[in-house]
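Protein chains: 2
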Amino acid sequence: MYLYMAIYLDYASTTPTSKCVLKSMQKFWSNDFYNPSAIYPEGRKVAIEIKKAREKCAGFLDCRADNIVFTSGGTESANMAVLGVINACKLDKPHVVATMFEHPAVSETLKLLESTGQIEVSWVKPEEITGAIKPETVLVTVIYVNNEIGSVQPVREIGKFIKKYRHDHNTIYPYLYTDACQAIYLPINQETMNYDLLTLDGSKIYGPKGVGLLYIRDNVKVSPISNGGGQEAGKRPGTEPVPLVVGLGEALVEAKATKDKEFKRLKELKNYFIELLNASKINYSINGDIDKSSPHIINICIPGISSEFAVIALGEKGVMCSAGASCSNLELKMSSRSVSAIGKTECAESSIRFSFGRATSKGEIKKVVKTLLEFVG
Amino acid sequence: MYLYMAIYLDYASTTPTSKCVLKSMQKFWSNDFYNPSAIYPEGRKVAIEIKKAREKCAGFLDCRADNIVFTSGGTESANMAVLGVINACKLDKPHVVATMFEHPAVSETLKLLESTGQIEVSWVKPEEITGAIKPETVLVTVIYVNNEIGSVQPVREIGKFIKKYRHDHNTIYPYLYTDACQAIYLPINQETMNYDLLTLDGSKIYGPKGVGLLYIRDNVKVSPISNGGGQEAGKRPGTEPVPLVVGLGEALVEAKATKDKEFKRLKELKNYFIELLNASKINYSINGDIDKSSPHIINICIPGISSEFAVIALGEKGVMCSAGASCSNLELKMSSRSVSAIGKTECAESSIRFSFGRATSKGEIKKVVKTLLEFVG
Chain H
-9 MYLYMAIYLD YASTTPTSKC VLKSMQKFWS NDFYNPSAIY PEGRKVAIEI KKAREKCAGF
51 LDCRADNIVF TSGGTESANM AVLGVINACK LDKPHVVATM FEHPAVSETL KLLESTGQIE
111 VSWVKPEEIT GAIKPETVLV TVIYVNNEIG SVQPVREIGK FIKKYRHDHN TIYPYLYTDA
171 CQAIYLPINQ ETMNYDLLTL DGSKIYGPKG VGLLYIRDNV KVSPISNGGG QEAGKRPGTE
231 PVPLVVGLGE ALVEAKATKD KEFKRLKELK NYFIELLNAS KINYSINGDI DKSSPHIINI
291 CIPGISSEFA VIALGEKGVM CSAGASCSNL ELKMSSRSVS AIGKTECAES SIRFSFGRAT
351 SKGEIKKVVK TLLEFVG
Chain F
-9 MYLYMAIYLD YASTTPTSKC VLKSMQKFWS NDFYNPSAIY PEGRKVAIEI KKAREKCAGF
51 LDCRADNIVF TSGGTESANM AVLGVINACK LDKPHVVATM FEHPAVSETL KLLESTGQIE
111 VSWVKPEEIT GAIKPETVLV TVIYVNNEIG SVQPVREIGK FIKKYRHDHN TIYPYLYTDA
171 CQAIYLPINQ ETMNYDLLTL DGSKIYGPKG VGLLYIRDNV KVSPISNGGG QEAGKRPGTE
231 PVPLVVGLGE ALVEAKATKD KEFKRLKELK NYFIELLNAS KINYSINGDI DKSSPHIINI
291 CIPGISSEFA VIALGEKGVM CSAGASCSNL ELKMSSRSVS AIGKTECAES SIRFSFGRAT
351 SKGEIKKVVK TLLEFVG
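Listed in order, the protein sequences are those of chains H and F. Position one of the first sequence corresponds to residue -9 (the numbering used here), numbered consecutively onward. Position one of the second sequence corresponds to residue -9 (the numbering used here), numbered consecutively onward.
I should point out that these hints are in silico values taken from the structure, not numbers from a laboratory. Everything numeric in this text was worked out from a predicted model, so none of it was measured. A couple of the hints might just be wrong.
Treat identical chains as interchangeable: a pair holds within one or across any two.
[To be verified] Taking lysine-lysine pairs in the DSSO-like style, the calculated list, with each CA pair at most 27 Å apart, reads:
(1) K334 / K115
(2) K307 / K35
(3) K211 / K80
(4) K154 / K115
(5) K153 / K115
(6) K352 / K246
(7) K225 / K101
(8) K80 / K101
(9) K307 / K41
(10) K307 / K17
When you get a sec, could you build the whole thing from the sequences and use the hints?
Okay, structure coming up:
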């Protein structure tokens, strides 16, 4: 299609829908297209397919299918988790603990409620989370894998602390919410990871675009954030988009089957990338702690360059990468919020995120470093 | 696939995705799958496709593309219209005028805000709308075609009255919102129809499932109902589901090209259905004013039958129809809110909705009446 050989290293931005997922969706568009709420046999058949898809999703988290709510994607799931928990609690001014690395779907929601005085928010570094919890805290929100720099947060340990806190204080709060959209290669079992709410997004995990899920543990109080028909057990109204929901289930079956192998492969690729960078004359530093990051994301600072220039220049040579989160590109200056948040403000506008996926190979990485050298070497 | 010849007369519940729509979406799943916010050429190319899709949608309403916001479907659009307008207005206790026939996405949203005292709602018959408007009224909401009985409301005339009211009172309020999910066969041009906000849903118009749009006229104040990235000009965050958005554009191009012809054809089919019913021994009445209803919906009351029994019995014989809105089936008793709203409470649980679409033929209708006769004749 292109005159150059394009190399896609922007998997954290979005992934292609896998062939298996596409195939699983196919018959639900125009053949078994029925409304799953309909009571004739064809409708009930479709309802069973939604049930199966829900079970597949639950299989990825090792949780009960009833705890899965289908949404339109990560943004809606995050909004529902945050707003839903705050709206459902009976406190006058609930308190939320949030890391400085949260996705805008979380941080912008919190900032809005903070600005109107409806809630109090403690914006903290991950290591400060446990110390920030107080009696009014209803929610702790921790992005599992930061979408810009790939840092992995110790969700399991934070969850363990929170569970003990709730037990010791004889309270149902705080809940632990984690955005796991970028965490498909990491441990995610609900029992062991100790989260109460969790978000996944189809478009980041080789699933369909326009669908996601919110895991809600039993007895966790979450108000719906929209109103309408009684779908999704009253938690999220609107006729279920059957093909998307089926595709999400399929994507998570694939993700589960391949995660360990992919973790290892992507980690090797990342190490290879670092080796090549080190062997080159490129003056760079890695943003974030490389030992505590997801194998599919590497974010590097190249002093003196402009992120925007670099991404455009690389793009013209067929290398697709990003300055940070794609969703901020339209509105804001090309600046990484997460790079700033880790204290490397001088790097916020001089960084590039490369993110790897199923098609990424050593050959591609070699070419990317070579291309990078052409204008920063 | 089935041992009997199934007849689908539940198009108001959901439509199959058309072949053209499916084809238009195809390459955006796994080939041109890029994030439209990305600044490399492949991403910008996808952004252009979204722009084209927005223009196609605008073509259906004869409005500017900038006035179209993509959503996950009718329910989200309706929630955004209602909550967005209420949240954006500066009044202490805004007033809303709503017909008694609104879709639950509207009526449930209003009831919730009414129950907490945040707003005042006048629930009225369509003819009472103009008289119910007062200085505090920020929104008038009128479902264009009722999804259960097919009644068409005089949106154009109500809009004309509201425009004059705003002009005479030198105020920007009230806005007129209309749910047009079932109104694809009717006049919908923005200029002549005088609405300020309008909802369409992909899954009701042979488009993809999981996508819809909200039309918002210039200068109409609507707060976003979720927070996150700055997509959709800051009005609706979340990475755009490109295939769905492209498919929605295609569906509306098809709908525009076929609407006049389909209006005529469906009206003939409906008349034929009525003729056959009249010629049969079935004791029935039509719910709603047949002369003021969409050609694709007919809702009949058969005294003494149970809606649920009828829909199941017909379903077992291969005729797919509905007792009312599908979305209420899971939660509520099989009862039509709209049939009750027109004062035929005795018919609320004894009515059946048949809704026609592209594949509906005279032969199908003949068979349906024959099937109906088998157990109510």
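Evaluation of the provided hints:
In this assembly of identical chains, K334 and K115 lie within 27 Å of each other by CA distance solely inside one copy; the values are 14 Å within and 62 Å between copies. In the homo-oligomer, the alpha carbons of K307 and K35 lie at most 27 Å apart only across protomers (16 Å), although the nearest pairing inside one protomer, at 49 Å, exceeds that limit. Proximity of K211 and K80 under a CA criterion of 27 Å is satisfied intra-copy only: 10 Å inside one chain copy versus 30 Å between copies. Proximity of K154 and K115 under a CA criterion of 27 Å is satisfied intra-copy only: 21 Å inside one chain copy versus 56 Å between copies.
For a Cα distance limit of 27 Å, the shortest separation of K153 from K115 inside one copy, 20 Å, qualifies, whereas the shortest one across copies, 53 Å, does not. For the homomeric pair K352 and K246, the shortest alpha-carbon distance inside one copy (24 Å) is at most 27 Å, but the shortest distance between copies (50 Å) is not. For the identical chains of this complex, K225 and K101 are neighbours both inside a copy (24 Å) and across copies (17 Å), given an alpha-carbon limit of 27 Å. In this assembly of identical chains, K80 and K101 lie within 27 Å of each other by CA distance both inside one copy and across copies; the values are 20 Å within and 20 Å between.
In this assembly of identical chains, K307 and K41 lie within 27 Å of each other by CA distance solely across copies; the values are 25 Å between and 45 Å within a copy. With identical chains, the CA atoms of K307 and K17 are at most 27 Å apart between copies only, with a shortest distance of 23 Å across copies and 39 Å within one.
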